[in-house]
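Novice: Next come the chains, spelled out residue by residue.
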Amino acid sequence: MINLASQIHPVLCRELGGILILGVIKLALKVKFYSLFRINLKSAGTEYELDNQITIAELIKKLDQDYDGYFTQKLLEEDRSISSGAIILLNGKNVIHLDKLETVVSNQDTVTLFPPSAGG
Amino acid sequence: MGKIYEYQVLRVDLTNEEIKRETIAGEMVKNYLGGRGLASKILYDEIDPKVDPLSPENKLIYATGLLTGTAASTGGRYMVVTKGPLTGTIASSNSGGYFGAELRFSGNDIIIFEGKASHPVYLSIMGDEVELKDASELWGKTVYETTDLLIEGAGDKNARVSCIGPAGENLVKFASIMNEKDRAAGRTGVGAVMGSKNLKAVVVKADEKQVEYFKDEMMKVVKKQTKMLKEDGVTGEGLPALGTKVLDNIINSHGSYPTKNFQFATFEDVDEVSGEALVEKGYLESNTGCYGCPIRCARKTKLPNGRSGEGPEYETGWAYGADCGVNDLNAISEANFICNELGLDTITAGTTIACAMELYEKGYIDKDELENGPELKFGSSESIIYYTQKMAYREGFGDQLAEGSYRLADSKGHPELSMSVKKQELPAYDPRGVQGHGLNYVTSNRGGCHVRGYMISPEVLGVPEKLDPQELKGKPKWVMTFQDLTAVIDSIGMCLFTSFALGLDDYREIVNAGTQFEYSSDSLLETGERIYNLERQFNLEAGISPEEDKLPARFDEPLPDGPQKGISTKYREILPEYYEVRGWQEDGWISDQKLKDMKLK
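Quick mapping for you: the protein sequence lines, in order, are chains A and B. Quick note on numbering: the first sequence equals residues 368 to 487 in my numbering. Quick note on numbering: the second sequence equals residues 579 to 1179 in my numbering.
Hints were generated in silico from the structure; no laboratory data involved. Worth double-checking, as some hints may not be accurate.
To be verified - Derived PhoX-like pairs: lysine-lysine, alpha-carbon spacing no greater than 20 Å straight-line: (1) A:Lys-460 x B:Lys-1051; (2) A:Lys-399 x B:Lys-859; (3) B:Lys-1148 x A:Lys-460; (4) B:Lys-1044 x A:Lys-460; (5) A:Lys-467 x B:Lys-1044; (6) A:Lys-399 x A:Lys-428; (7) A:Lys-409 x B:Lys-859.
For reference, chain A alone in the conformation it holds in the complex (with noise of 0.2 Å):
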């Protein structure tokens, strides 16, 4: 049975040799990690599909709840502004120049995250 649900539905019904051959494609949205989150967290990233829009503050708690409060600790001062040097992408584009901690994502975004980092 498909789940018809707006985060998941069917996009690829082809017919190969007279089979019918029914996919799927998860909605989700992607958040990526680069820099010293994917080497001390081994790991390049997670996604979640979300029943609604949430904001990247209420992501931010999401991952804390997998990681142990630790995007909290390394993305936010503790007046809960956007840390110093630390990027948060939406699509390319830093959310600082959008609503900031309010910016709202939904499935099929993807969000960057990087700690303060710079060279040249």
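Mind docking chain B on chain A? Use the hints.
Specialist: Chain B in isolation, oriented as in the chain A frame:
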């Protein structure tokens, strides 16, 4: 003992093999600090800016910074200043490692090389004994071989060597000068000027540390600043762990990661070549650092084939990687090692091959010209290694590559395919994605360069504060401030990377502590402005007109891919305001009044 604000100068006349001693002190030091600033002033005063860079009339200046060899964090840098053969502009290229500090310890703060030796020579500084020695046996040797032989000859394993490789001898226009084998005064072709003078190396070993400064006053500041550097997320954590290659994914995610000679701004195989990959693939052995450095961003790597060396840095990894469409980290690292051994600037070497790949794929280079070498196709890891060797020795098609991308593309009738400013190749940030950084490229005094005013820091990395990379308002002033502050840091002999954690007030504090000078933050920054104006004036007098303050036409086309798709460069909209905030004329020239105000006339 030498006070750090009284520079002891060795003037080495290579033509007549004579060495004289001089001292520079007083207002010259207060106005130009040392390193890049003071050496630029000497060059401007002593040569005609129109000289052929590879003629005996050009001079090559080694200069330590004001705080080089002191306890200042990262205070080990030296600068090489000359007129550059790649750009025809003033060239200055600095390097870390330990050579600069050792030179300072020896009581020789600046070396001015003049003329041209009749045969290969090197300068030997062993304690108080300073002499030119025959280098015929060293000529043709690699950087590694030369360094080992000179240290062996000095009879002291702690002797430090700065030298050129075959690329410098062969007058490759982007040859580097290397110290401790892997540290590079890389850009602008300073190594070719050294080669043109038949000067192979400088070897130095001090008997005692001849560096006198206000130590107690300075140590308090050093302690504080070292703590700041260690506690900062970038200098205390990110750079030690991943080095500069932490940037691959950041810049790629922003859509400013030049790919295939800047035809695209994202690289699909970035995960194969990133800093994270260097760790995950197990190539990274350890990190290492320069004199007095708490950051330690350098990479020691070992490849699966057993070869080991230093690198790749972000710029190198990108130039040979994404810019050439190559996703083989093994080949990229190998090309980096070859550059270090033969003495080539990795940025121009890699990007010149990328330019040649586009020329070849578009049919502007004949297969016959390659003389049975591998085809210059994007993605060819074989090519990047093969042609790097060939360019250093100017063999076959390498002879054309050795001229850099601009002259190569121009000779094929397509100069627009060289991704350069003032004939020096652009580094690893597409200027369409970062508008302030684009303005920095066109106004850099040494041609295409990211370390004259690193606007990536505010526009992408959020240091010291986050600016919108597409916003134009206020950017000219930001660019000017970054350029002037960088000139200060380059002149006091500290590493530019300290500026991720330290600010202008911190530099003022450490300079004043060590010298007991009384700079205000404003007057210190004005020193940087003076240096910037001096370099610009040198270039104008050399015949580089403000019309050269421009990007290649490719950047007027919209970005074809990535998060910033559809955006083109907007530097022309803010260049007039930049001239205005600099106090220059509308046409980009510097008025006599401004030169007087800057104490340049």
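Novice: For every hint, state whether the structure bears it out.
Specialist: Hint by hint, here is what the structure shows:
1. A:Lys-460 x B:Lys-1051: 19 Å, holds
2. A:Lys-399 x B:Lys-859: It holds: about 19 Å lies between the C-alpha atoms, which stays within 20 Å.
3. B:Lys-1148 x A:Lys-460: 19 Å, holds
4. B:Lys-1044 x A:Lys-460: With a Cα-Cα distance of about 12 Å, the restraint between B:Lys-1044 and A:Lys-460 holds, given a limit of 20 Å.
5. A:Lys-467 x B:Lys-1044: 12 Å, holds
6. A:Lys-399 x A:Lys-428: 16 Å, holds
7. A:Lys-409 x B:Lys-859: Cα-Cα ~13 Å, so holds.
Hint compliance for this structure: every hint is met.
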